[in-house]
Amino acid sequence: GQNIDQPTEMTATEGAIVQINCTYQTSGFNGLFWYQQHAGEAPTFLSYNVLDGLEEKGRFSSFLSRSKGYSYLLLKELQMKDSASYLCAVRAGSSNTGKLIFGQGTTLQVKP
Amino acid sequence: GAVVSQHPSRVICKSGTSVKIECRSLDFQATTMFWYRQFPKQSLMLMATSNEGSKATYEQGVEKDKFLINHASLTLSTLTVTSAHPEDSSFYICSAEGVPDSPLHFGNGTRLTVT
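Listed in order, the protein sequences are those of chains A and B. The C-terminal position of the first sequence is numbered 112 in the numbering used here, with every residue numbered one higher than the one before it. The C-terminal position of the second sequence is numbered 115 in the numbering used here, with every residue numbered one higher than the one before it.
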């Protein structure tokens, strides 16, 4: 089966760094995605990893270890607007196209 | 960048009626679109994969006769919720795939409320 796990909730302080972990067990792997979703809105794309290692994009970085079935999203210099749900999603199967399977999401609350 | 438009953004309907939701890829051709449903405080659950010119592929537990999907062109897919019931009230989100190895682009979602 497909299983993607991430913590349900996290709290961090404005200006700090937070790491959101994601572990996955899927039949096939063709990329891991991180999305941000504010309440009542659609997800917006943050980052994409298909090879092992770190991808950096401004204040956001994402890391992947395929052998461990593990990824994390790192958010630096946290701002109040970063309070949102963060979704880890895996493109399973044998193709580099196709559906994404989502984890349950991590609700991040940034406090002053 | 790739844009996906979804309409309507909100709809309220009476129990027993049908509702159609449209998903359009505005600046790229999408041979495949995906329909997700999201209940409050839960993650996105894939309902079906919509392929242009062929029948949709439904996920286990999703009733294909209740959630009708039509993907008539490379830029338009529609989801029709037939004989809607209050338990169908949810946030429905479509997404479209452009080139391989690219992220899915999501529409803004449709908040369906069935009274």
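No lab work stands behind these hints: they were computed from the structure. Possibly wrong hints are sitting among the right ones.
[As the list claims (entries may be wrong)] Heads up, simulated DSSO-like pairs for lysine-lysine below, C-alpha to C-alpha not over 30 Å straight-line: (1) A:K111 to A:K81; (2) B:K41 to B:K64; (3) A:K76 to B:K41; (4) A:K81 to B:K66; (5) A:K76 to A:K111; (6) A:K81 to A:K57; (7) B:K64 to B:K20; (8) A:K68 to B:K14; (9) B:K66 to B:K20; (10) B:K41 to B:K66; (11) A:K57 to A:K111; (12) B:K64 to B:K14; (13) A:K57 to B:K64; (14) B:K14 to B:K41; (15) B:K20 to A:K111.
[Stated by the list, open to error] Stretch by stretch, here's where chain A covers chain B in the computed footprint (C-beta under 8 Å, at least three residues): (16) 9-20; (17) 71-83.
Glycine included, each C-beta is placed from N, C-alpha and C at the ideal position.
Each hint, compared with the structure:
1. A:K111 to A:K81: 10 Å, holds
2. B:K41 to B:K64: 25 Å, holds
3. A:K76 to B:K41: 25 Å, holds
4. A:K81 to B:K66: 38 Å, violated
5. A:K76 to A:K111: OK: K76 of chain A and K111 of chain A at ~14 Å, within 30 Å.
6. A:K81 to A:K57: 17 Å, holds
7. B:K64 to B:K20: Given that 30 Å is the threshold and the Cα spacing comes to 14 Å, the pair holds.
8. A:K68 to B:K14: With Cα atoms ~49 Å apart, K68 of chain A and K14 of chain B exceed 30 Å; violated.
9. B:K66 to B:K20: Roughly 12 Å between the alpha carbons, so the hint for K66 of chain B and K20 of chain B holds.
10. B:K41 to B:K66: 24 Å, holds
11. A:K57 to A:K111: 23 Å, holds
12. B:K64 to B:K14: 21 Å, holds
13. A:K57 to B:K64: Status violated; Cα separation ~40 Å.
14. B:K14 to B:K41: Holds, at roughly 24 Å.
15. B:K20 to A:K111: 40 Å, violated
16. 9-20: violated (count 0)
17. 71-83: violated (count 0)
Going down the numbered hints, you'll see the structure goes against 4, 8, 13, 15, 16 and 17, while the others check out.
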